[in-house]
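Engineer: Chain by chain, the residues:
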Amino acid sequence: MIKVEKLTKRFGGFTAVNGIDFEVQKGEIVGFLGPNGAGKSTTMRMLSGFLPPTSGKAEVAGFDVFADSLQAREHIGYMPENVPLYTDMRVCEFLRYRAALKGVPGRRLRERVGDVLELCGLKDVEKKLIGNLSKGYRQRVGLADAMSHEPDLLILDEPTIGLDPNQIRLVRDLIRNLRRHHTILLSTHILPEVEMLCSRVIIINKGRIEALDTPQNLRAHLGQAGHVVFDAIVPDAAAAASALRALESVQSVSHRTDGEWTVFTIHAAPGNDPRESLYRHAVDNQWRVREISRPPVSLEQVFTEVTGGDES
Amino acid sequence: MKAEAMRKFLILFGREVSSAFHQPLAYVVLFFFLIVTGFNFQAGVTLLNTGAGTVTMVQAFFNTVYFWFPFVLVFPLITMRVFAEEAKMGTIETLMTAPVKDAQVVAAKYSGCLFFYLILWAPSLLYFVVFQEITGVKAAEAVGSYVGAYGMLLLMGLLFTSIGCLASALTDNQIVAAIISFAAILGFFFLGLLSFLLPSTGTFLRELTYYLSPVEHMMDFSQGLFDTRPVVFYISSTLLVLFATFHIFQYRRWKS
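Line by line, the protein sequences are chains A and B. Here this note's numbering is used: position 81 in the first sequence is 81, and no number is missing along the way. Adding 1000 to a residue's 1-based position in the second sequence gives its number in this note's numbering.
These are computed hints drawn from the structure, not numbers from a lab. There's no promise every hint is true.
[Said to hold, decoys possible] Which chain A residues face chain B? A few, computed with CB under 10 Å, are given here:
1. I76
2. A100
3. L174
Quick reminder that beta carbons are idealized off the backbone N, C-alpha and C, glycines included.
Only chain A is shown next, with the shape it has when bound in the complex:
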């Protein structure tokens, strides 16, 4: 659906996007993840045909977004950051105008606008002026606009920014429902959002792609296999730690005391899960155990690791 080759954008001396390559298949939801100023919006603007690239090329649905810009744009529904809308228009009027402009034939306009109003939960505000709507509703109007001409690809730039938690949940549910009919490329700097929505993640930093994989794989590869917390009462903490270290599949062990309990943090060898052998070891030694658990590695950690931490 999207094919990007060596795409570069320079503004004067500043390189916003630096030779990125990636592909998105039909039906995927791909998350564009990166700190502010990483080049997410610039890339999306180039894909949507708004900005010409300095070099490289991009294709959407088989059309070059610059050479065959008009055909490519017919396949794209783009929602820019901050969702610019005509505040002097009514919701249904605006959607009708936009759908017509994007080539929905006159006889299908009413039906299409009705559909997107329904889908985005805008029925009760369809007669209101956009200028009087709350941020959450505006976001949904933007989304309704983006999909009004049934594009194959939706490009959504920070669809949940500036919303309250309830509205964020609504917009996320909406996006999740869209995946049946659309390929979606969305950008965000909210990590849980990516984990919840996306089948693949592109992490971009300083105009370059730092990582490109499924959220699960990214977690597994970049965040190591994760660590295991093992919490028990042992007669001698240091001796116990070295005994644990000797177990198969355990790479390193550190420990601290918490009252009479000793909390071990155990790093396993990649691809291994030491929890079962920890349990056996505890039973054999008749240790009293409070916890054996494996906290999930969040993409947050992956992200910090990839983008170089503090700068974000």
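Once you've looked at the hints, dock chain B against the given chain A.
Structural biologist: Chain B in isolation, oriented as in the chain A frame:
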């Protein structure tokens, strides 16, 4: 393909016209305009009443300072919004990622402004009808006088509207756009007035300022004196300015 392009243009044009009427400024301008042209008409009637002599009502209407004052002032007010507002609000981004050509957008915005300008002047036609009805005096010697005056009104509107659009495409700020177009239009207007200050006919400067003078053009055309030179001048310079507007519009987007 042709029909589709026309449909897109009409959709954009419709949006331009409706957005012009969605802002309070439109009604302020319409109101202000009615008052000033009404006053101008009244001044024309007074002039005829004092029996100064040889002018007709149409000539009296189109050649006074009360005509030129609102005429020059109105273009920045009509056009300042068109590009500047979309750039400022960011809606230019959704507009230009829809499958429309840049040229269609520029043409639609320009036509929208021109349409508003024509609506502004349309009621003045009624004045002459009412004048003839009540006084029984002919408002003009011949039909050519109407055609000339309104034709010139249209020709000047073509050029000055395009200058306003160009100014609006240059900036994100409506006020700045208004000031630029006001300065440009006023500068051009005063350049034309120079022809009254240069007495000797036949000199190059006199010919040039005459060629560029809206006041002279209107004076001739409202008597029904047609001259192809101003027609060519207004149409060709309009095309030039629109061409520049198109490129500036494209350039500013690509640079952003």
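Engineer: For every hint, state whether the structure bears it out.
Structural biologist: How the hints compare with the structure:
no., hint, result
1, I76, "holds (7 Å)"
2, A100, "holds (5 Å)"
3, L174, "violated (18 Å)"
Violated hint: 3 only; the structure is consistent with all others.
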